[in-house]
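**Student:** As a plain string of letters, each chain reads:
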Amino acid sequence: MARLAVKDLSKRFGEVVAVDGIDLEIEERELVSLLGPSGCGKTTTLRCIAGFETPTAGRILFDGADILGLPPEARNIGMVFQNYALFPHMTVTQNLAFGLEMRRVPKAEMAARIARVLETVQLEGYGERYPRQLSGGQQQRIALGRALVIEPRVLLLDEPLANLDAKLREEMRFFVRSLQKRVGITTVYVTHDQAEAMVISDRIAVMFQGGIHQIGTPTEIYMRPVSREVANFIGLSNFIEARVRGRDEGGAYVLESALGEIRSAHLDSLREGEAVTLIVRPEAIVLLKDKPDRVGANAISGRVKERYFLGNITGYRIACAGDAVLQVQGEPWAAFAIGDPIWCRFDADKTWIIGD
Amino acid sequence: MRANATLLLIAPTVGLLVGFLVIPYLNMVVMSFRTPSTSQVFAPGYTFANYLKAIFDPDFYYLRVLRDTMALGVTTTAICLVLGYPVAYHLARTPSRFKSILYAFILSPLLVGVVVRCYGWMIILGNNDGLINNILRDLGLIQTPIQLMYNTFGVSVGLVHIFLPFMILPILGAIQSIDPALEEAAQSLGATRLKTIFRVVFPLSLPGVQAGSVLVFVLTISAYVTPILLGGFKVVIMPTLVIQQLLDAMLWPFGAALAFILSFSGAVVVYLYFMATSWFMKGIR
Numbered sequence: 001m002a003r004l005a006v007k008d009l010s011k012r013f014g015e016v017v018a019v020d021g022i023d024l025e026i027e028e029r030e031l032v033s034l035l036g037p038s039g040c041g042k043t044t045t046l047r048c049i050a051g052f053e054t055p056t057a058g059r060i061l062f063d064g065a066d067i068l069g070l071p072p073e074a075r076n077i078g079m080v081f082q083n084y085a086l087f088p089h090m091t092v093t094q095n096l097a098f099g100l101e102m103r104r105v106p107k108a109e110m111a112a113r114i115a116r117v118l119e120t121v122q123l124e125g126y127g128e129r130y131p132r133q134l135s136g137g138q139q140q141r142i143a144l145g146r147a148l149v150i151e152p153r154v155l156l157l158d159e160p161l162a163n164l165d166a167k168l169r170e171e172m173r174f175f176v177r178s179l180q181k182r183v184g185i186t187t188v189y190v191t192h193d194q195a196e197a198m199v200i201s202d203r204i205a206v207m208f209q210g211g212i213h214q215i216g217t218p219t220e221i222y223m224r225p226v227s228r229e230v231a232n233f234i235g236l237s238n239f240i241e242a243r244v245r246g247r248d249e250g251g252a253y254v255l256e257s258a259l260g261e262i263r264s265a266h267l268d269s270l271r272e273g274e275a276v277t278l279i280v281r282p283e284a285i286v287l288l289k290d291k292p293d294r295v296g297a298n299a300i301s302g303r304v305k306e307r308y309f310l311g312n313i314t315g316y317r318i319a320c321a322g323d324a325v326l327q328v329q330g331e332p333w334a335a336f337a338i339g340d341p342i343w344c345r346f347d348a349d350k351t352w353i354i355g356d
Numbered sequence: 001m002r003a004n005a006t007l008l009l010i011a012p013t014v015g016l017l018v019g020f021l022v023i024p025y026l027n028m029v030v031m032s033f034r035t036p037s038t039s040q041v042f043a044p045g046y047t048f049a050n051y052l053k054a055i056f057d058p059d060f061y062y063l064r065v066l067r068d069t070m071a072l073g074v075t076t077t078a079i080c081l082v083l084g085y086p087v088a089y090h091l092a093r094t095p096s097r098f099k100s101i102l103y104a105f106i107l108s109p110l111l112v113g114v115v116v117r118c119y120g121w122m123i124i125l126g127n128n129d130g131l132i133n134n135i136l137r138d139l140g141l142i143q144t145p146i147q148l149m150y151n152t153f154g155v156s157v158g159l160v161h162i163f164l165p166f167m168i169l170p171i172l173g174a175i176q177s178i179d180p181a182l183e184e185a186a187q188s189l190g191a192t193r194l195k196t197i198f199r200v201v202f203p204l205s206l207p208g209v210q211a212g213s214v215l216v217f218v219l220t221i222s223a224y225v226t227p228i229l230l231g232g233f234k235v236v237i238m239p240t241l242v243i244q245q246l247l248d249a250m251l252w253p254f255g256a257a258l259a260f261i262l263s264f265s266g267a268v269v270v271y272l273y274f275m276a277t278s279w280f281m282k283g284i285r
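Protein chains in written order, with this note's numbering: chain A, 1 to 356; chain B, 1 to 285.
Simulated from the structure, these hints should not be mistaken for laboratory data.
If you want the footprint, here are the derived chain B segments under chain A, 3+ residues with CB under 8 Å: (1) 171-182; (2) 194-208.
Per label pair, the in silico range of CB-to-CB distance: (3) A:T219 <-> B:P180: 32 to 42 Å; (4) A:S38 <-> B:R193: 28 to 38 Å; (5) B:D179 <-> A:R294: 58 to 68 Å; (6) B:T94 <-> A:P37: 23 to 33 Å; (7) B:L17 <-> A:R103: 49 to 59 Å; (8) B:T94 <-> A:G355: 41 to 51 Å; (9) B:G173 <-> A:P332: 48 to 58 Å; (10) A:K107 <-> B:N127: 48 to 58 Å; (11) B:G173 <-> A:L70: 29 to 39 Å; (12) B:W279 <-> A:E101: 20 to 30 Å; (13) B:P180 <-> A:D23: 21 to 31 Å; (14) B:V114 <-> A:N163: 45 to 55 Å; (15) A:D23 <-> B:F280: 42 to 52 Å.
Please read all numbers here as calculations on a predicted model, not as lab measurements. Think of the CB as a built atom: it goes at the ideal place given N, C-alpha and C, for glycine as much as any other residue.
For reference, chain A alone in the conformation it holds in the complex:
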């Protein structure tokens, strides 16, 4: 298992800058996701680590040693591709044996390792099948097994679950995570699915337009996003523009906004008069018919604009003062009709502030 370090990595394709000077340090046995929308540079970064792209600038280190001079076959990596890339003219066993043959592993040991890996991915007995005889999920597990059987230093996955249907994707997330934890291999996982990244990662690196905006644990990314883009990409957010008026006796900041006065238990220090953006997650807002009188909680009035039923929750869009719309998550059985006047309550410590 290796520590992976990416230092000031850049990659241009002619005029286009795909990766713009990113830094990343991944500890041994850690799974870090590169999360971002299409075109943000996450796949290009992964391919630079694998050796299929040559960076325009920067360094990539495995355990402190620069690997940029090495071709992909010499980097001792295991890679899982989005469309599995299983060799169609070889059986499952032959696919699994391929990497071992390249490493000249003796036959007896090869057979033992293949048997172990088939057991690990829960596909014992499938050795003589051809890839086209397997389902999508089975193919993906074999692809995973093929990358792991060679016991590489680093595991690289390029949106491996993107081609699976939703239910299977959810199951496979847990499978991939538990497998990775068991084997304890340093892993880089590229995805655009934020739920997936939240479930499987030790840390997430959120990327936009070639740069990393934030690296942190799923909780940090969700609760304390550093920018609007990050907050917007992970889950739903309500953004309220506000100005700092001061602090109250309890130490909470008092902010002035188009929706009224808002209190926030934000931790970092803010200057008086500073213009900021306040973030409140939809699930932090409680809808009430009567004006809430809880001390320290914020109360915003509005009117129910839209309502949609999602099964486990009902989503609301509340029209508030000054054209603002708050997205709120409510219980599925609550009955607020469209057009009803409503109060939105959220606690001061459920807010987060990002500077402008």
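Following the hints, complete the assembly by docking chain B onto the known chain A.
**Tutor:** Same frame as chain A, but now just chain B:
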């Protein structure tokens, strides 16, 4: 209604094939059983004598020529495969801007007529005054000229030159349809570029290799002008003999018998080739 429209669309092509291929072929087969005659194209009556002569007489001569023809076909195909595969791979995988120039180079032999092409080779390969012989003599590397023409070597060079595009293009198509991710997967598992080509690309491109090989083979065993111009009458192959019998000796029935033996043997070789390679292609479908 739809079936009729389809039939109508393919009718002209089928008509062409039947009228100009199937019927003449059958006519040729019938001709091969007719009695030969020196005064007219054929005499009345049918006989097996043509085939008996072709196989046994004299001294299995015609069978030896058949063997030489098949051998020429196999060696030309093999050389085209060895030379053509790397070109096809490079063209399929290279992102360079010179692709279209390379395409043009590959197709260039087809742009020139067969006679002009052969004369071009005669200038280069000429036994006494050819370009190569002159250069080697001027450099002092040889005293007597090397026999590059009027032998199997010269004929092979000319045939490989013209048939290379027929090998390259089907293989190119086959390689282009192989997902590049497969090669990357092989490399990520530790295979060098070369190993990847042998273990992954080549097996998956076999349909293209098959198509190219069969094309070059059948074209070679039926080549007429190139072997005559570059081989003189020293290189005797079946097409030469067939034409001789038909045009010089006016023995149409015998010529027809030789032609049929040639095409039948070619078909057998192609069939055996498909049997052999299909065994390798189990996993690919």
